[in-house]
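Going down the list, the sequences are from chains R and B. Under the numbering used here, the first residue of the first sequence is numbered 1, with each subsequent residue one higher. Under the numbering used here, the first residue of the second sequence is numbered 1, with each subsequent residue one higher.
Take these hints with a grain of salt, some might be off.
[What the hints assert, rightly or not] If you want the ones that stay clear, here's a sample from chain B, every Cβ over 12 Å from chain R, calculated:
| hint | residue |
| --- | --- |
| 1 | 117 |
| 2 | 173 |
| 3 | 174 |
| 4 | 188 |
| 5 | 194 |
| 6 | 221 |
[Claimed, not checked] If you only want the chain R side, here are some residues facing chain B, beta carbon under 8 Å, derived:
| hint | residue |
| --- | --- |
| 7 | 70 |
| 8 | 74 |
| 9 | 84 |
| 10 | 85 |
| 11 | 86 |
| 12 | 97 |
| 13 | 98 |
| 14 | 102 |
[As the list claims (entries may be wrong)] Cross-link-like lysine to any residue pairs, in silico, SDA-like; alpha carbons within 20 Å at most:
| hint | chain 1 | residue 1 | chain 2 | residue 2 |
| --- | --- | --- | --- | --- |
| 15 | B | 163 | R | 88 |
| 16 | B | 246 | R | 37 |
| 17 | B | 246 | R | 52 |
| 18 | B | 246 | R | 66 |
| 19 | B | 163 | R | 84 |
| 20 | B | 246 | R | 10 |
| 21 | B | 246 | R | 41 |
| 22 | B | 246 | R | 14 |
| 23 | R | 183 | R | 3 |
Hints are computed from structural coordinates only; laboratory data are not their basis. We put the CB at the ideal spot given by N, CA and C, even for glycine.
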Amino acid sequence: MIQADSLRKSFGGRHALDGLTFSAGDGSVTGLVGPNGSGKTTTLRLITGLLRPDGGQVQVDGVDPARDPMRARCRIGALTDGFGNYPRLTTREHLWYFGELRGMSAAELEPRTRFLLDLFDMHEIADRRAQGFSQGERMKLALARALINDPPNILLDEPANGLDVPSARALRTLLERLRDAGKCVIYCSHLMAEVSLICDKVVVIARGQVVAQGSPAELMRAGNAQSLEEAFVGLTS
Amino acid sequence: MNALPWLVVFRKEVRDGLRDHRSLFSALTFCWLGPLLVGVLWQQPTALALLPAFLIITAFTGAMNIANDTMAGERERGSLEPLLMNPVTPSDLVFGKFLATCSFSLACVALTLLFALAVLCATPLGGRMHPAALLWMFAVAVPLVPLAAGLDLLICTFAQTPKEGNSYLSVALLVPMLTGMLAEFFPIRLHAAIAIVPLLGQQRMLSALTRGEIPHLAWLLSSGACTVLIGAGAVAATARLLRHEKVIFGR
Chain R
1 MIQADSLRKS FGGRHALDGL TFSAGDGSVT GLVGPNGSGK TTTLRLITGL LRPDGGQVQV
61 DGVDPARDPM RARCRIGALT DGFGNYPRLT TREHLWYFGE LRGMSAAELE PRTRFLLDLF
121 DMHEIADRRA QGFSQGERMK LALARALIND PPNILLDEPA NGLDVPSARA LRTLLERLRD
181 AGKCVIYCSH LMAEVSLICD KVVVIARGQV VAQGSPAELM RAGNAQSLEE AFVGLTS
Chain B
1 MNALPWLVVF RKEVRDGLRD HRSLFSALTF CWLGPLLVGV LWQQPTALAL LPAFLIITAF
61 TGAMNIANDT MAGERERGSL EPLLMNPVTP SDLVFGKFLA TCSFSLACVA LTLLFALAVL
121 CATPLGGRMH PAALLWMFAV AVPLVPLAAG LDLLICTFAQ TPKEGNSYLS VALLVPMLTG
181 MLAEFFPIRL HAAIAIVPLL GQQRMLSALT RGEIPHLAWL LSSGACTVLI GAGAVAATAR
241 LLRHEKVIFG R
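If we strip away everything but chain R, and leave its shape as in the complex, we get (with noise of 0.2 Å):
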């Protein structure tokens, strides 16, 4: 479970966040909206404790990672924005790689590398290198690294960006498969249609603070709109 609460985050005297609070529940996807520079990867920083928060606290299963970053990243598998892979790698090396960071030893990476190549229906790619992996590959790839050590909970920025159809669905079935083992899932993304399919919560940001949260159905019908995408540019204006 995560939960932030009156987080505050400036650089160079701009507002990042500015009293920031939600929560994520485990076994549930929390959706995280806003428009650009709303505070949506700031939020994701200050969570892995990469950022320290001005003001205001986070809590990963009662962890603060600004006081103990070391282990509140221990439960936290996380995917950025442009998923991070290197070129020269396979696929097998960086789930070790990730695996061997988190300290995993190699009886435990076998058995969990294999589950995880079977998870995502990788084992074609399994040896090769990262370099020429297609959109979807190179998210699979990255999701699978952030999984490694089977984290109770997930933090995913934008991962449908620029993925085709087959991979966006092959992303919402893994996601409703990471709810159904009751995991705390974040998700950031611009992609409305996206978002009121996969998440159970909405958390919509602007201008560093919530202006809205609840389920897609509830702000739907507190913006008196007939879509998500409506409803947020309603409240996000």
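Mind docking chain B on chain R? Use the hints.
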């Protein structure tokens, strides 16, 4: 048993670096170019004087590409952020990268000396400098490896892309190049105070070895210690920088 984090990073960087054939080719070019030039110019009385300069430059060029890829490259492909999101301290990350960079630099220094050995054996230059002096040269040049690796990593921490890193590194490479060249044109007598000056001390000792003079062991050790210390300082500074938001995200 779980592997130590810095060892995991080291192994990955070495594997990754060995697959970067373009960078390997460019680093290896410096290894044979210097000794080859010495061999071509063997009739010149100052032919051997080129060897120290090339050896020093090789330590830096051997470290350059991997340091650049491992720091600025991480940024460009967006892998620095996911890497730092792992439960690993910046010190472990930087130490692993540093050791990998050292390995490549050390391999280049050793290869340069092997090529030099081939030149000494194949030309009459072997009569002017005993091939065993190359072992002394190795001992003098080894401390340059952590210096080059540490400084190259530190410099690349400020670059957003390998292209930017390359432009910083090529300017930085002027320091060992000019030290090597100027020290030959304006010879400074080797003594204890000069020996401890990084680059200059090594250059003077290497130069003495090409003339068949063996430097004092105390000079060799004190010079090595000072040089390694600066390299270690650069590594510590890099690890410290990776704790800063401005450096991680380039704000």
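### Query
Can residue 98 of chain R be said to touch chain B, with a Cβ gap under 8 Å?
holds (7 Å)
### Query
Would you say residue 188 of chain B is clear of chain R, with no C-beta pair closer than or equal to 12 Å?
holds (44 Å)
### Task
Answer holds if the nearest beta-carbon of chain B is closer than 8 Å to that of residue 97 of chain R; otherwise answer violated.
holds (5 Å)
### Query
Is the hinted pair residue 246 of chain B and residue 37 of chain R satisfied, with a Cα-Cα distance of at most 20 Å?
Holds - the C-alpha atoms of residue 37 of chain R and residue 246 of chain B are around 17 Å apart, at most 20 Å.
### Query
Do the alpha carbons of residue 163 of chain B and residue 88 of chain R lie within 20 Å of each other, as the hint requires?
holds (18 Å)
### Task
Would you check the hint for residue 246 of chain B and residue 10 of chain R, treating anything up to 20 Å between C-alpha atoms as holding?
It holds: about 12 Å lies between the C-alpha atoms, which stays within 20 Å.
### Task
Test the statement that residue 221 of chain B is away from the interface with chain R: the closest C-beta pair must be farther apart than 12 Å.
Holds: least Cβ distance 37 Å, greater than 12 Å.
### Message
If I take the minimum Cβ distance from residue 174 of chain B to any residue of chain R, is it greater than 12 Å?
### Response
The claim stands: residue 174 of chain B keeps its Cβ more than 12 Å from every Cβ of chain R (closest is about 30 Å).
### Message
If I take the minimum Cβ distance from residue 194 of chain B to any residue of chain R, is it greater than 12 Å?
### Response
holds (43 Å)
### Message
Is the interface hint satisfied for residue 74 of chain R? The criterion is a beta-carbon contact with chain B at less than 8 Å.
### Response
Because about 5 Å separates residue 74 of chain R from the closest Cβ in chain B, which is inside the 8 Å limit, the hint holds.
### Restraint check, 8 Å cut-off on beta carbons, for residue 102 of chain R near chain B
Holds: closest Cβ of chain B sits about 6 Å from residue 102 of chain R, inside 8 Å.
### Query
Does the alpha-carbon distance linking residue 246 of chain B and residue 66 of chain R stay inside the 20 Å limit?
Holds, at roughly 16 Å.
Hint compliance for this structure: no hint is broken.
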